[in-house]
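Colleague: If you want the building blocks of each chain, they are given just below.
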Amino acid sequence: MGGPEWVTAVNLIIWTGLVLWISRLDRKIRDLERER
Amino acid sequence: MKRLLALSLWLWMAVVIWAAFHWAPLAAGFKGESSRILFFHVPVAWVSFVAFMTAGVESVLYLAGRRDPRHDRSAAAAVELGQVFAVLATVTGAIWARIMWGSYWNWDPRQSAIVVTMLYYAAYLALRQAIADGPSRARLSAAYAVLGLVVSPFLYFVLPRLGFSLHPEPVINAAGKLEVESRMLAVLTASSLGFTVLFYWLHALRRRLGAVAARRDEGVE
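Same order as they appear, the protein sequences are chains V and A. Just so we're aligned, residue 1 is where the first sequence starts under the working numbering, counting upward by one. Just so we're aligned, residue 37 is where the second sequence starts under the working numbering, counting upward by one.
By construction, these hints were calculated from the structure, which means they are not laboratory data. Heads up, some of the hints might be wrong.
Incomplete in silico selection of chain V near chain A, CB under 7 Å [as the list claims (entries may be wrong)]:
| # | residue |
| --- | --- |
| 1 | Thr8 |
| 2 | Val10 |
| 3 | Asn11 |
| 4 | Ile13 |
| 5 | Trp15 |
| 6 | Gly17 |
| 7 | Ser23 |
| 8 | Leu25 |
Straight-line alpha carbon distances no greater than 25 Å define the calculated SDA-like cross-link-like pairs of lysine to any residue that follow [unchecked claim]:
| # | chain 1 | residue 1 | chain 2 | residue 2 |
| --- | --- | --- | --- | --- |
| 9 | A | Lys38 | V | Trp6 |
| 10 | A | Lys67 | V | Thr8 |
| 11 | V | Lys28 | A | Leu41 |
| 12 | V | Lys28 | A | Glu254 |
| 13 | A | Lys67 | V | Arg27 |
| 14 | A | Lys38 | V | Leu18 |
| 15 | V | Lys28 | A | Trp237 |
| 16 | V | Lys28 | A | Lys67 |
| 17 | A | Lys67 | V | Glu5 |
| 18 | V | Lys28 | A | Arg39 |
| 19 | A | Lys67 | V | Ala9 |
| 20 | V | Lys28 | A | Leu47 |
| 21 | V | Lys28 | A | Ala249 |
| 22 | A | Lys38 | V | Gly3 |
| 23 | A | Lys38 | V | Asn11 |
| 24 | V | Lys28 | A | Glu116 |
| 25 | V | Lys28 | A | Arg244 |
| 26 | A | Lys38 | V | Val7 |
| 27 | A | Lys38 | V | Asp31 |
| 28 | A | Lys67 | V | Gly3 |
| 29 | V | Lys28 | A | Val248 |
| 30 | A | Lys38 | V | Leu32 |
| 31 | A | Lys38 | V | Leu20 |
| 32 | A | Lys38 | V | Glu5 |
| 33 | A | Lys38 | V | Arg27 |
| 34 | A | Lys38 | V | Trp15 |
| 35 | V | Lys28 | A | Arg106 |
| 36 | V | Lys28 | A | His58 |
| 37 | V | Lys28 | A | Gln119 |
| 38 | A | Lys38 | V | Trp21 |
By construction, the Cβ of each residue, glycine as well, lies at the ideal position given by its N, Cα and C atoms.
Working from the sequences, and respecting the hints, build out all of it.
Modeller: Structure below.
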């Protein structure tokens, strides 16, 4: 796998992880809001 | 609905990432593939500016309105995120500078300007830490962030153009003309839009978390 393909793959993995993490954070905050 | 928005943003930026590395052409005068970093460096720098402006506008709303603490929390959240995006802009810019100019740091006017901006808003956060939670903290920090509505545009757009700079011409050059290849401009615009939506998503989360913490504190007191 060459340069741009490798960098694209790494970027996509980081981006996917970030979106999943933020979505999880969103759910946790919603749970906190419901607790009140 | 939120899940759909998150999925749309994920897909949008996934396409941007692919386009940045495979569809957009390389910019003339840049070493190797280094111009591709600009599809991420310029948008994060732009978003840091949007964040600081958001903080300023929220602070105006706080001072001009009924001193609603939600505006105060919103301004603080915007500054925190603005700092994160400013650090990202600095790091991506430094990586690019190493490739193009041979050194991570060159005290170029744009590099210096973003450091001064980060120091300015670090002082905002320090100010908030120095005063106990309450109306006086909100009022003072709002006044400081309103001043940022003048300071930030000056540091982002005026100061870097005053003297000699190693930095490439901005997207809109000194003559006010767009001189970017159409595919590069499309990726740059799409990336800026995606990062802006990401910022407002994170901003909403931080505001909501701040509101939960504030309600909890009220309950304790």
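Colleague: Now, for every hint given, state plainly whether the structure supports it.
Modeller: Evaluation of the provided hints:
Below 7 Å, beta-carbon pairs count as interface contacts, and V/Thr8 has one with chain A at about 5 Å; its hint therefore holds. At a threshold of 7 Å, the smallest CB-CB gap from V/Val10 to chain A is about 10 Å, leaving the interface hint violated. Nearest Cβ of chain A to the Cβ of V/Asn11: about 5 Å, under the 7 Å cut. The hint holds. Violation of the interface hint for V/Ile13 is found here, the shortest Cβ-Cβ separation to chain A being roughly 10 Å, above the 7 Å cut-off.
Taken as an interface hint, V/Trp15 checks out: its beta carbon lies about 6 Å from the nearest beta carbon of chain A, inside 7 Å. For V/Gly17, the interface hint is violated, since its Cβ never comes within 7 Å of a Cβ in chain A; the closest pair sits about 11 Å apart. A distance limit of 7 Å between C-beta atoms decides the matter here; for V/Ser23 the minimum to chain A is near 5 Å, and the interface restraint holds. At a threshold of 7 Å, the smallest CB-CB gap from V/Leu25 to chain A is about 6 Å, leaving the interface hint in force.
Pair hint A/Lys38 plus V/Trp6 does not hold up; C-alpha atoms about 31 Å apart against a cutoff of 25 Å. Our distance criterion of 25 Å between C-alpha atoms is met by A/Lys67 and V/Thr8, whose separation comes to about 19 Å. Distance hint between V/Lys28 and A/Leu41 is fulfilled; the C-alpha atoms sit about 17 Å from each other, no more than 25 Å. Among the hinted pairs, V/Lys28 with A/Glu254 is consistent with the structure: their alpha-carbon atoms are about 21 Å apart, no more than 25 Å.
For the hint pairing A/Lys67 with V/Arg27, the CA-to-CA distance comes to about 44 Å; that exceeds 25 Å, so the pair is violated. For the suggested pair A/Lys38 and V/Leu18, the alpha carbons sit about 16 Å apart, so the restraint of at most 25 Å is met. Annotation: proposed proximity of V/Lys28 to A/Trp237 holds, straight-line Cα distance about 15 Å (limit 25 Å). Distance check on the hinted pair: V/Lys28 and A/Lys67 sit about 44 Å apart at the alpha-carbon level, beyond 25 Å; violated.
In summary, the hint linking A/Lys67 to V/Glu5 is supported, as the alpha carbons are separated by about 19 Å, within the 25 Å threshold. Simply put, V/Lys28 and A/Arg39 have alpha-carbon atoms about 14 Å apart, close enough for the 25 Å limit, and the pair holds. Distance hint between A/Lys67 and V/Ala9 is fulfilled; the C-alpha atoms sit about 22 Å from each other, no more than 25 Å. About 23 Å separates the Cα atoms of V/Lys28 and A/Leu47, which keeps this hinted pair within 25 Å; it holds.
Pair hint V/Lys28 plus A/Ala249 holds up; C-alpha atoms about 13 Å apart against a cutoff of 25 Å. For the hint linking A/Lys38 to V/Gly3, the alpha-carbon distance of about 35 Å lies beyond 25 Å, and the restraint is violated. A distance of roughly 23 Å separates the Cα atoms of A/Lys38 and V/Asn11; the hinted pair therefore holds under the 25 Å criterion. Proposed proximity of V/Lys28 and A/Glu116 is supported: the alpha carbons are some 20 Å apart, at most 25 Å.
Annotation: proposed proximity of V/Lys28 to A/Arg244 holds, straight-line Cα distance about 11 Å (limit 25 Å). Between A/Lys38 and V/Val7 the alpha-carbon distance is near 29 Å, which puts this suggested pair outside the 25 Å criterion. At roughly 15 Å between alpha-carbon atoms, A/Lys38 and V/Asp31 fall within 25 Å of each other, so this suggested pair holds. Under the criterion of a C-alpha separation no larger than 25 Å, the hint pairing A/Lys67 with V/Gly3 is consistent with the structure, at around 15 Å.
Between the alpha carbons of V/Lys28 and A/Val248 the distance comes to roughly 11 Å, so the proposed pair stays at or under 25 Å and holds. In summary, the hint linking A/Lys38 to V/Leu32 is supported, as the alpha carbons are separated by about 17 Å, within the 25 Å threshold. With a CA separation close to 13 Å, the supplied pair A/Lys38 and V/Leu20 stays within the 25 Å bound. As the CA atoms of A/Lys38 and V/Glu5 are separated by approximately 31 Å, the hinted pair breaks the 25 Å bound.
Between A/Lys38 and V/Arg27 the alpha-carbon distance is near 10 Å, which keeps this suggested pair within the 25 Å criterion. Proximity of A/Lys38 to V/Trp15 is assessed by CA-CA distance (about 18 Å); at most 25 Å being required, the pair is judged to hold. Pair hint V/Lys28 plus A/Arg106 holds up; C-alpha atoms about 20 Å apart against a cutoff of 25 Å. Between V/Lys28 and A/His58 the alpha-carbon distance is near 37 Å, which puts this suggested pair outside the 25 Å criterion.
Distance check on the hinted pair: V/Lys28 and A/Gln119 sit about 24 Å apart at the alpha-carbon level, within 25 Å; holds. Restraint check for A/Lys38 and V/Trp21: satisfied, since their Cα atoms lie roughly 14 Å apart, inside the 25 Å limit.
Going through the hint list in order, the structure does not satisfy hints 2, 4, 6, 9, 13, 16, 22, 26, 32 and 36.
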